[in-house]
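This is what each chain is made of:
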Amino acid sequence: MSVAAPEFTLASVSGGSLRLAELQADAPTLLLFVSEECPTCTLTLRRLAPVLPELVAAGLTVAAVFEDPLEVAARVARRTGFTATVLSEPAPYEVSRAYELVSLPTAVLVDRSGQQISRVVGWDSEALAELLSVSLSDEAPRRKPGCAAKNTYDADSLRALDSGGFDELEEMFERGWTDGLPVIPPTPARVETMLGGHDPGELLGEMPPAMAQVTLERVAACAVLAGCRPEYFPVLVAAVQASLEPAFNVGGQAVTTQPVGQVVVVNGPVRDAIGLNGSTGALGPGWRANMTIGRALRLVISLTGGGFPGRLDRSALGNPGKIGLCFAEDGEVTTWEPLHVERGHDAGRSVVTVLGADAPLSVSDHRSTSPDELARVLGEAAAATWSPNWWPLGGTSLFVLCPEHARSFAEWGWSKQRLREAMFEGVRRPAASLRWGETTPQVLAASDDQLIPKWSAPEDIVIVVAGGEAGRFSAVFGPCLGMEAEPISKEVPWIT
Amino acid sequence: MDYVSTEDYVSPFDERRRTAEPLAPRPAALDGARVALLDINQRRGDEFLDRIEELLQARGATTERFVKQIFSKPAAPEIVRRIANRGDLVVEGLAD
Numbered sequence: 157m158s159v160a161a162p163e164f165t166l167a168s169v170s171g172g173s174l175r176l177a178e179l180q181a182d183a184p185t186l187l188l189f190v191s192e193e194c195p196t197c198t199l200t201l202r203r204l205a206p207v208l209p210e211l212v213a214a215g216l217t218v219a220a221v222f223e224d225p226l227e228v229a230a231r232v233a234r235r236t237g238f239t240a241t242v243l244s245e246p247a248p249y250e251v252s253r254a255y256e257l258v259s260l261p262t263a264v265l266v267d268r269s270g271q272q273i274s275r276v277v278g279w280d281s282e283a284l285a286e287l288l289s290v291s292l293s294d295e296a297p298r299r300k301p302g303c304a305a306k307n308t309y310d311a312d313s314l315r316a317l318d319s320g321g322f323d324e325l326e327e328m329f330e331r332g333w334t335d336g337l338p339v340i341p342p343t344p345a346r347v348e349t350m351l352g353g354h355d356p357g358e359l360l361g362e363m364p365p366a367m368a369q370v371t372l373e374r375v376a377a378c379a380v381l382a383g384c385r386p387e388y389f390p391v392l393v394a395a396v397q398a399s400l401e402p403a404f405n406v407g408g409q410a411v412t413t414q415p416v417g418q419v420v421v422v423n424g425p426v427r428d429a430i431g432l433n434g435s436t437g438a439l440g441p442g443w444r445a446n447m448t449i450g451r452a453l454r455l456v457i458s459l460t461g462g463g464f465p466g467r468l469d470r471s472a473l474g475n476p477g478k479i480g481l482c483f484a485e486d487g488e489v490t491t492w493e494p495l496h497v498e499r500g501h502d503a504g505r506s507v508v509t510v511l512g513a514d515a516p517l518s519v520s521d522h523r524s525t526s527p528d529e530l531a532r533v534l535g536e537a538a539a540a541t542w543s544p545n546w547w548p549l550g551g552t553s554l555f556v557l558c559p560e561h562a563r564s565f566a567e568w569g570w571s572k573q574r575l576r577e578a579m580f581e582g583v584r585r586p587a588a589s590l591r592w593g594e595t596t597p598q599v600l601a602a603s604d605d606q607l608i609p610k611w612s613a614p615e616d617i618v619i620v621v622a623g624g625e626a627g628r629f630s631a632v633f634g635p636c637l638g639m640e641a642e643p644i645s646k647e648v649p650w651i652t
Numbered sequence: 017m018d019y020v021s022t023e024d025y026v027s028p029f030d031e032r033r034r035t036a037e038p039l040a041p042r043p044a045a046l047d048g049a050r051v052a053l054l055d056i057n058q059r060r061g062d063e064f065l066d067r068i069e070e071l072l073q074a075r076g077a078t079t080e081r082f083v084k085q086i087f088s089k090p091a092a093p094e095i096v097r098r099i100a101n102r103g104d105l106v107v108e109g110l111a112d
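Residue numbers (my numbering), protein chains in the order written: chain A, 157 to 652; chain B, 17 to 112.
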């Protein structure tokens, strides 16, 4: 056999494309035509992988030509340990046709002058050892026929092969780079775009429980996985920075048996700049920025930080907010100071506040006619959070007031602080009524008629405004207790 | 021929390999051992350690009690240092 090897240009998993002439570079070359779908091909790749260094040392160029998409070729090469050049041939497999392939695997040896001098079809350890002048494993099977080469398929069969990006998405599940939902594969190009020129190696801190180094690159990888757009990235960075503050105790939150998740509240101009929702359905689905920023923070905690549910995250039940929960405050509904201003930031700054919290509980009130009444309804809704008997909570309750409730308070002349104090004063129980089941040391130590408040101080009540114009439905989040986990605010480091 | 990377994705993980810390040698006997009892400050952990302390002392061990500030955070470095300097063994009381 001495036939000229047809020239080709094929995509390489290492980036760009390669021509046969470049590949050869005046060296004898082994072209190994394979496909993921052929078990004999993966067997051949695995059996040849250990001798690749020897072949290279002998001056041979080796390239696997996959009749599969690039990402599939990369995955199979990684799994089989095949570290030589990996190329991908697209349908309708004209290169395979030019080489007159009938079945896979087919190993074609091309000499330095570009002539095909020999080929081995299927797995044949003896024939391949002779072709390549190496020792191959004696392990059974020593011979195994392969599968039909895809260039031999008819048009209908070829169309049936078109699986789109499914394999790449499955690859992410196989790697465990997911929260259980499909993710966007973090290719170097996507991560670079997400970084927007910022230093990938910049270290934000160490994330427990794995004490993993949280670099901007890893945060960007999580942002890509979660589906963030690059303009969301600085908001995520601020959320990660806030979470890494020791006073947030993300390590405790990440591994506890509590259901706690991390709620991200965003204030300032970045809200409109990136389309964060603080209006209708603010705590639910429908807005990409909300869904993906919250999700990306959770991926940083659960993947990078190692707090993955069922492994080091021992949360007994979890809560849907642990998928991710991010929303914007609607600071324009009232003249109340928005959260970031209350926490000492200029109104014009963009600020992210993270809070450890359980799931939100909706509070409906369409009939109250005074601020005292409405404050009591809202406050009493928190009475059963954590436990009906756990007074005081010793932690933070996050209230999200819908615009109609917030506007009513404002029209009645109440400030956020007055509402906070009214709830603190109004939600109390006699100690004797709380002395059953599990209760707090304060309740046990108090006299029977001593009134125990639900919160230790008004400052434990955090109030933000968000939600749709119509509907008098507010919400209170269950607290995160036993962590000394304080809400933490960070300014968004840049806006694109 | 260049060997190509098949790592076509950026990992979200810290991929540094860490070597496992070897376990300290197990003591042959408790008689004369100095045992640090670390209460993580979770409720009823002290009751558990009270009983452990009785049993250890009955076997000739000397005990010393330490208490973390809060169960959900790592022990203060000073506590870790004192335990390391003054104890042969440590028992941590996890409870709820």
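What the hints contain is simulated information worked out from the structure, not anything from laboratory work. Each residue gets a CB set at the ideal place from its N, CA and C atoms; glycine is no exception. Among these hints, one or two may not hold up.
To be verified - Facing chain A, according to a computed beta carbon distance under 8 Å, are these residues of chain B, among others: (1) D24; (2) S27; (3) A45; (4) F64; (5) I68; (6) I86.
Claimed, not checked - From chain B, some residues computed to sit far from chain A (all C-beta separations above 10 Å): (7) E69; (8) L71; (9) S88.
Checklist entry - Of the hints stated earlier, which fail here? => result 3, 4, 5, 9
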